[in-house]
Amino acid sequence: MAEPVSPTTAEPAVPPEVEPVSPTAPDPAPRRSTPSRIVAIGDLHGDHAAFRAIVEAAGLVDAAGVWIGGDAVLVQTGDVPDRGPNSLLILRDLMRLQGEAAVAGGQVVALIGNHEAMNVVGDLRYVHEGEFAVFRTDESQRLRRRYYRENQEMIERVYRWREPALSEDQIRRLWLRETPLGGAELLMAWGPDGEIGQWLADNPAVARIDDTLFAHGGISETYSALSIAEMNARTATAIAARDGSPEAIINDPDGPLWYRGYFLRGEPGELALVPPADAAPEVDRVLAAYGARRIVVGHTPSLGGIRILLGGRLMAIDTGISAHYGGVRSYLEINGDAAIAHIVGEGENP
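The C-terminal residue of the sequence shown carries number 367 in our numbering, and the numbering is unbroken.
Be aware that one or more of the hints could be misleading.
[Stated by the list, open to error] Ranges of calculated distance between the beta carbons of each label pair, as one might list FRET restraints:
{"#": "1", "residue 1": "Thr-154", "residue 2": "Ala-218", "range": "19 to 27 Å"}
{"#": "2", "residue 1": "Arg-174", "residue 2": "Val-291", "range": "40 to 48 Å"}
{"#": "3", "residue 1": "Met-112", "residue 2": "Arg-166", "range": "29 to 37 Å"}
{"#": "4", "residue 1": "Val-120", "residue 2": "Glu-287", "range": "45 to 53 Å"}
{"#": "5", "residue 1": "Ala-119", "residue 2": "Gly-211", "range": "20 to 28 Å"}
{"#": "6", "residue 1": "Ala-297", "residue 2": "Gln-187", "range": "21 to 29 Å"}
{"#": "7", "residue 1": "Glu-287", "residue 2": "Asp-227", "range": "18 to 26 Å"}
{"#": "8", "residue 1": "Ala-119", "residue 2": "Ala-242", "range": "29 to 37 Å"}
No lab work stands behind these hints, which were simulated from the structure alone.
Note that the coordinates shown come from a computational prediction; the quantities given were computed from them, not determined experimentally.
Idealized CB from N, CA, C, for every residue including glycine.
Please construct the entire structure, taking both the sequences and the accompanying hints into account.
Below, the structure is given as structure tokens:
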């Protein structure tokens, strides 16, 4: 999620991609033919209290945070980390709830958002100080030096994708500034062998459940030529390689983690709002490509509440839930043909 609909504050995005498909990548979330209820929650950005309040209000967990949702499906559309201090608590809740829900016949689907990808590739510019503090120990100084030494080539490559003219010394100083003590441990946790990285490897970028598509940013027409399995395979390959290149699907502004074309269009720095009716042809072609009825996305914020657009074919559920944004706590409930937008503490959102 970027700062609320301001074309000048959007996070840096980078140009398009083509990369090989990994045969070992995870399949999309299973397509359940008759889920009893789907609850979708947008960008959380480190606000664990908000997450707990929402899943409890939705009847998915009890006051202790234990799954009571039966065979319901919870979809979190990505961007758990950054901006707020308690991402790790949310991530561990999601890990635990996946197991608890499965035992009860339910499901927890945690999509990969652009901020998950940024943490994987080592872009820590939006990490809250509280996140570093969680990982900080007496060994952090030593570990940070070792991490830089062992990963210098990768670090320099990522920084030069952002700014090609940077010298080795400039990169080292920038990295140290953006990676305070505790940062090396955080990077290791998000790495392929880390607690978060191992879990993330099994998570999709795009899921279809019954006749509903879910993605963090959206599916552009460029990517609608690919199957869901292929998009997830490319994402898994890029995540495993910690690929910070502009060509990787996890960095592509037209890719499912970054796409904002349903709502904003134009050149970087000159983005303009797109009236919903203007987005309808693209949305309809994307839905037709996957035989879906609707698409649910986060990433592009609407601080007043969930927006149900185009007769219910497009649903935007990033409502700035985190205290960082000051939006509203919300969730989308899909039950059969009905889709209801809830604001926690204030009933339903029309």
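Verification of the hints:
no. : hint                          : result
1   : Thr-154 - Ala-218: 19 to 27 Å : 26 Å, holds
2   : Arg-174 - Val-291: 40 to 48 Å : 34 Å, violated
3   : Met-112 - Arg-166: 29 to 37 Å : 31 Å, holds
4   : Val-120 - Glu-287: 45 to 53 Å : 50 Å, holds
5   : Ala-119 - Gly-211: 20 to 28 Å : 23 Å, holds
6   : Ala-297 - Gln-187: 21 to 29 Å : 46 Å, violated
7   : Glu-287 - Asp-227: 18 to 26 Å : 38 Å, violated
8   : Ala-119 - Ala-242: 29 to 37 Å : 33 Å, holds
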